[in-house]
Amino acid sequence: MGSASRAVSCLCCPCKCLACGLFSCLCSILISLLVTVGVLALIFYLIFRPHMIAATVDSASLVQFTLAQNSALAYNLNVDLTVRNPNKRVGLYYDNVESLALFDGQRFGYAPLDPFFQSTEASTKLSPSFKGQQPLTGDITAANFRSQQTSGKFDIEVKLNAKLRVKVWAFKVPGPKAKISCPITVPVPNSNSAAFQPTDCKVWF
2 MGSASRAVSC LCCPCKCLAC GLFSCLCSIL ISLLVTVGVL ALIFYLIFRP
52 HMIAATVDSA SLVQFTLAQN SALAYNLNVD LTVRNPNKRV GLYYDNVESL
102 ALFDGQRFGY APLDPFFQST EASTKLSPSF KGQQPLTGDI TAANFRSQQT
152 SGKFDIEVKL NAKLRVKVWA FKVPGPKAKI SCPITVPVPN SNSAAFQPTD
202 CKVWF
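Residues in the sequence shown are numbered from 2 upward in steps of one, following the numbering used here.
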């Protein structure tokens, strides 16, 4: 009874903490704050139920994709993709947006994109373009390139990275870094291969 009375007194009147023990008072206040924050977080989730963003590559084409004897890759790749915000109550700001293109795990293209905002249940069209030259290393990568060239299609990975900010009503809070990975199969330039098929991307934070 005595210990319980002192604990209640400490919570009700911080000035009495010196009498009942400063450490006990601080622990009680900390526990109360943690419980309050946990309850608020649960309420926020139940109300807004945030959903994962989604992305799809709608089209992709290669104007040039050749590998020279010195393993220098000359490339010209155009991509159109759609990023969707499925949330009904949460808007999203995309900052520090960058797109990358990779072949056989090696990055050959990089293109920064403008930051943008997505309102609730909105979609945004993005069109990164990659053009230039980049050396590829390794005999296995060169062999894979020749094999895919013969098959009439290249397996390429397009990535999109962005730092998110979340808008709830008039409030804006920092969000996670979104990473979008799009493994696509693109026909060889000027070939009779089957046309590109829209491809869903993988998203994680």
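Honestly, the hints are just simulated from the structure, not real lab data. Quick reminder that beta carbons are idealized off the backbone N, C-alpha and C, glycines included. Don't take every hint at face value.
[Said to hold, decoys possible] Only pairs whose alpha carbons sit at most 30 Å apart, straight line, appear in this in silico DSS-like list of lysine-lysine: (1) Lys173 to Lys203; (2) Lys180 to Lys160; (3) Lys168 to Lys154; (4) Lys89 to Lys160; (5) Lys89 to Lys154; (6) Lys173 to Lys154; (7) Lys126 to Lys160; (8) Lys203 to Lys180; (9) Lys132 to Lys180; (10) Lys89 to Lys178.
[As the list claims (entries may be wrong)] Derived Cβ-Cβ restraints for the label pairs, each shown as a range: (11) Thr67 to Pro175: 13 to 23 Å; (12) Lys203 to Phe24: 19 to 29 Å; (13) Leu27 to Thr57: 48 to 58 Å; (14) Cys28 to Leu103: 43 to 53 Å; (15) Phe206 to Lys89: 57 to 67 Å; (16) Asp156 to Leu35: 18 to 28 Å.
Outcome for the supplied range 43 to 53 Å, where the beta carbon pair is Cys28 and Leu103: This hint holds: roughly 51 Å between Cβ atoms.
Range hint compliance [Cβ, Asp156 to Leu35, 18 to 28 Å]: 48 Å, violated
Within a Cα-Cα threshold of 30 Å, do Lys132 and Lys180 meet the stated pairing? 22 Å, holds
Does Lys168 pair with Lys154 here, judged by a C-alpha cut-off of 30 Å? It is violated: about 41 Å lies between the C-alpha atoms, which goes past 30 Å.
Outcome for the supplied range 57 to 67 Å, where the beta carbon pair is Phe206 and Lys89: The hint (57 to 67 Å, Cβ to Cβ) is violated, given that Phe206 and Lys89 are roughly 19 Å apart.
Lys173 and Lys154 were given as a pair; does the straight-line alpha-carbon distance stay at or below 30 Å? 44 Å, violated
Pair hint outcome, Lys173 versus Lys203 [Cα-Cα no greater than 30 Å]: Holds: Lys173 and Lys203 sit about 26 Å apart, inside 30 Å.
Could you grab the alpha-carbon distance between Lys89 and Lys154 and see if it respects the 30 Å cut-off? Measuring from Cα to Cα gives roughly 39 Å; hence the hint is violated.
Keeping to a limit of 30 Å between CA atoms, is the pair of Lys89 and Lys160 held or broken? Roughly 26 Å between the alpha carbons, so the hint for Lys89 and Lys160 holds.
A range of 13 to 23 Å was offered for this pair. Does it hold for the Cβ distance of Thr67 and Pro175? At 43 Å between Cβs, range violated.
Take the C-alpha atoms of Lys126 and Lys160, compute the straight-line distance between them, and say whether it is at most 30 Å. 15 Å, holds
30 Å limit on alpha-carbon distance, applied to hinted pair Lys203 and Lys180: 8 Å, holds
Checked against the numbered hints listed earlier, the structure breaks hints 3, 5, 6, 11, 12, 15, 16; every other hint is satisfied.
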